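Novice: Taking the hints as your guide, dock the two standalone chains into a single complex.
Here the protein sequences come in this chain order: A and B.
Counting in UniProt numbering, the first sequence runs from 1 upward without gaps.
Counting in UniProt numbering, the second sequence runs from 1 upward without gaps.
Everything labelled a hint here was simulated from the structure, so no lab data went into it.
Keep in mind the model is a prediction, meaning the values are calculated, not measured.
One or more hints might be untrue.
Said to hold, decoys possible - Which stretches of chain B does chain A cover? Using the computed rule of at least three CB atoms under 8 Å from a CB of chain A, they are:
{"id": "1", "region": "215 to 227"}
{"id": "2", "region": "239 to 250"}
{"id": "3", "region": "259 to 266"}
Unchecked claim - Sample of chain B residues facing chain A (criterion: CB under 7 Å; computed from the structure):
{"id": "4", "residue": "K233"}
{"id": "5", "residue": "A234"}
{"id": "6", "residue": "L254"}
{"id": "7", "residue": "S255"}
{"id": "8", "residue": "M256"}
{"id": "9", "residue": "V269"}
{"id": "10", "residue": "D271"}
{"id": "11", "residue": "V272"}
{"id": "12", "residue": "S273"}
Where a beta carbon is used, it is the ideal one built from N, C-alpha and C, also for glycine.
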Amino acid sequence: MMSTYNMVKQEFIKKWITTLHMLDCSVEHPLNVTERKNAIKLSSDIAMAAARSGSTVWSRALISRSGNKTANKPVARRILKKARNRLKNRCLTLRRNGNFTAKSGVRKRTELLKSLVPGGELIKNKDYLIRETLDYIVYLRAQVDVMRTVAAVDSVTGNLTNDNK
Amino acid sequence: MLEGLVSQESLSLNSMDMSVLERLKWVQQQQQQLQQVVSQSSNNSPELLHQILQFHGSNNDELLQGSFSQFQMIGSGFGPNYNMGYGPQHEAMDGCISRTSSCQMEPVDTMEVLLKNGTKEDRPISLKNKRKQEVKTREEENTEKKIKVEADTESSMKGKSNMRNREASSETSKETLKGVSEIPKLDYIHVRARRGQATDRHSLAERARREKISKKMKYLQDIVPGCNKVTGKAGMLDEIINYVQCLQRQVEFLSMKLAVLNPDLELAVEDVSVKQAYFTNVVGSSKHSIMVDVPLFPLDHQGSLDLSAINPNQTTSIEAPSASWESQSQSLYNTSSLGFQY
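Okay, chain B solo, but in the shape it has when bound (with noise of 0.2 Å):
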C-alpha cells in the first residue's frame, strides 16, 4: 500500500513541477503582455466588464492551449505534455478520491480572457490607467485567492484620508467587475500614501486590497512548506492539496504504526502531553515553526475563546495519570461536550 502511495505521489510531484514551470512563466509571460496591452489607447470600462463576463462560461482550457502554443514558452512539444502530464496525475487522484462536489464556481479569469482578447487581435482590449492598476490587482488577486472585504480592515493601515463613500462605489464597481456576491461592508480604510504614489482615491483602495492580499499570501506561505516558490493560483492549489494529501498519508500510516505497536488501545498519550506541558510553559520554545496565529482567529471567535480558556496549570494534574484517571476523564469530557455546545 505505502509503495504504491510513494509512486504516485512522485508521479504527481514529476508533472507537477513540469506544470509548476511552465506556470511560472507563464505568469510572467502573462505581466509582459500586460504591459504591451497597457501601452495601447484607452478603452471604456463596461466595455471590459461585458467581456470579461461574457467569457465567464468559455472553455478556458482550450483558451491556455492556444495561449501556450502562440508564445512557445518551452518549446513546441509543451503542449500535448502539458496534457500528458496533467492527466495521469489526475486519473490517478480520481481512483482513490470520489468527486461528489458540484458547487458552481466563480472562475473569472482575467488573465485568459486578456490573452484571449491578446491572440484574437479583433477586440483591442485596453485599459486606462486607473483600470490598470485594477487589471493588476485582479492580475495578483489570481495568483492568490479572493479577497473578502470584511470589518477586519487591518489597523496596520494608518489614517490619511477617509474614502467611506468612494470605498464603497469603487467596492461594488469591483464587485460588478468580479461578477461575485460579496457583502458589500462599508467600512473605513485608512491608508497613507507613499511618496511618489499617486493619492487616487481608487488606487488607495486598490493598494489597500493588495496589501491584504500579500498579507494572506504570507499566511498561505508560513503554512504550507514550499509555498515561495510558486506562484498562480493553480500552484498554490497545488501546493496546498500536495501538503493536505500527503498529512492525511501521514496520520493513516502512524495510526497503523501506532496500533501494530500497541497490542491494546493504551497508547502512551499522558506521557507525551506532560512533555508537552512542558514546552507550553517554557517561554520562547522554538521546536515549531508553524505561524498558526492570524488564520485561526479570523475563522472563529469562539474558537480563540476556547483555546485560552486552558489555564496551563490545568496540565499538571496530567502527571499522575493513574491517580487522577477518573476525575481527569470527567473533566476532560465535560470539557470535551463543552465543546460542542456553540
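Next up, chain A with everything else stripped away, as it sits in the complex (with noise of 0.2 Å):
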C-alpha cells in the first residue's frame, strides 16, 4: 500500500521534471515572483493529472482547466490539446440556475465539494462524486509531500550557498 503510494510520487516527480522543463524553454525570462508561482503551480498541476492520466474526470478536468492557462506556450499546447479534445467531447455545458439553493446541509455541503474538485459540476452521481475526491486527494497529497520536499531541499542548499559567500 505504501509503496503504492511512492509510486504515486514518483510518478509526479517524472512527470513534473518534464513539465517544467518545458515551461521553462518556452517562457521568457526574466520572470518576477508571481510569475514564476504561477508557473510552478501550473507545471505542477498539469504533472499531477498527466500522472494519473486515466478515466478520471478530475484529471481531464485538470488538464483542460490548465490548457486555458497556457493559451500562449505552444510547447504545453501540444501537450494538452489531446486530452481537451477528449474533454470537450463530452457534455460541458453547465447549467446555470440562479435561483437553486442547496435544500439541506448535505446538499450544500455537495455543492461545495462539487466546486473544490476539478471537474465536480459535471458528475451527478453523488457516490462517484466522492470516489473522485477521494483519488483527486491521494494525488493532491503527493503534489503536497513532493512539493514540500523540494523546498525542505532549496532552502538547505539555498542556506549553504549563503554560507560559502
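Specialist: In C-alpha cells form, the structure reads like this:
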C-alpha cells in the first residue's frame, strides 16, 4: 500500500520534471515572483493530472483548465491538446440556475465539494463524486508532499550557498 | 493573504465543531428514535415508498430545524446557533469559490423523512422486521455515500447460498425505494450466515451491502485524517471539503515558496527523485501512512497499469542528471504523451 503511494509520488516527480522543463523553455526570462509561482503551480498541476492519466474526471478537467492558462505557450499546448479534445467531446455545458439554493446541509456541502474538485460539476452521481474526490485527494497529497520536500531541499541548499559566500 | 486564509479556516472550524457535535448527537437521537418507531405495528412497504417519494423535494432545512427544536438536544438556544454557525462559514466560502454547479442531486434523506413523520404523528410509519434492516442500512448509508452495485463483489465474502434472483429483486426494490437509477448488475454475492443471524435472503443481501459500506468508510478514514470521530454524511463531507481546501492552499503556498527560493525555474526536483527512488526500492518503508490501494484501482484499471509499468530500474538513470538530461527528457516526454492516449 505504501509502496503504491511512493509510486504515485515517483510518477508525479517524473512528470513534473518534464513539465517544468517545458515551461521553462517556452517562457521568456526574467520572470517576477508571481509569474514564477504561477508557472510552478501550473506545471505541478499538469504533472499531477498527467500522473493520474486515467479515466478520472478530475484529471481531464484539470488538464483542460490548465490548457486555458497556457494558451500562449505552444509547447505545453501540444501536450494538452489531445486531452482537451477528449474532454470537449463530453457534454460540458453547465446549467446555470440562479435560483438554485441547496436545501439541506448535505446538498450544500456536496455543491461545495463539486466546486472544489476539478470537473466536479460534471459529475451527477453522488457516489462517484466521492470516489473521484478520494482519488483526487491522494494525488493532491502526493503533490503537496513532493513540493514540500523540494522546498526543504531548496532552503537547505540556499543556506549552504549563502554560507559559502 | 495567508492570515486571511487562516482566520477563515479557524472560523469555519469553530462553526464546524459545533455542527459536528450537534450532528453526532442528532445521529444518536436518530437511532433511538428509529428503535422506538420499529416497536410499533407493521405497515405496508408501498406506503412507505410513496411517502419517501413525496418528501423528495421537501425543504429539509426546515425539517432539521423543527426536529432540533423538538428534541432539544443542546438547549433551546441551539436552533439559531446552528444557522449562525453555518451562515458565516458559507458566506466565506461563497466569497472565494464560485458556484457553477447545478446538477440534480438524489437526496433521499430518509432519516429526515422518518423524523418528520415522527413529529407529525398523523402518519405512524412503522416497519416490519425485514424493512427494519433496510432502513437501518439506509441510515448507515446516509452516514456514508451510496453504494453502487457493481461487479466487484468483494471476494472476501464466502459462499453459502446463491442469491441471484433474489438479489436482483431485492436490489430492484431497493432501487425504487431509493429513487435512484442504478444499473442492477446481476451477480452473485456469497455471504456466510453467522450464528444467531437470520438466513433470510433479504437480510443476507443487506449484510453484504452493509459490509461494502463499512469497507468504503474505512478507505475514507484512511485517506482523510480525522474522519474517525465524525459520523453522518454531512460530517464526512465536511471533513473531505476541509481536507481538499487545506491541500489546495498548501499547494498555493508551497508554489509561492518555491518561486521565492528559486530565482529561475530550476527546481531541485531531480535530487528529490533520487531520494524517492531510494525509498521506493527499500522494502517496508513506513514513511507514509496513506492507504491508496483501493480507491485508485476500482476507479481505473488503466491508471493502475500505468503505475505498474514503471520499472524501478528506470529511476537509477536520474542519478546523473546533467549527463543524460536530453535523453531522459525525451523518454519522459514519450511517457507523458503516452499517458494521454487512453
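Novice: For this structure, which hints from the list above don't hold up?
Specialist: Violated hints: none; all satisfied.
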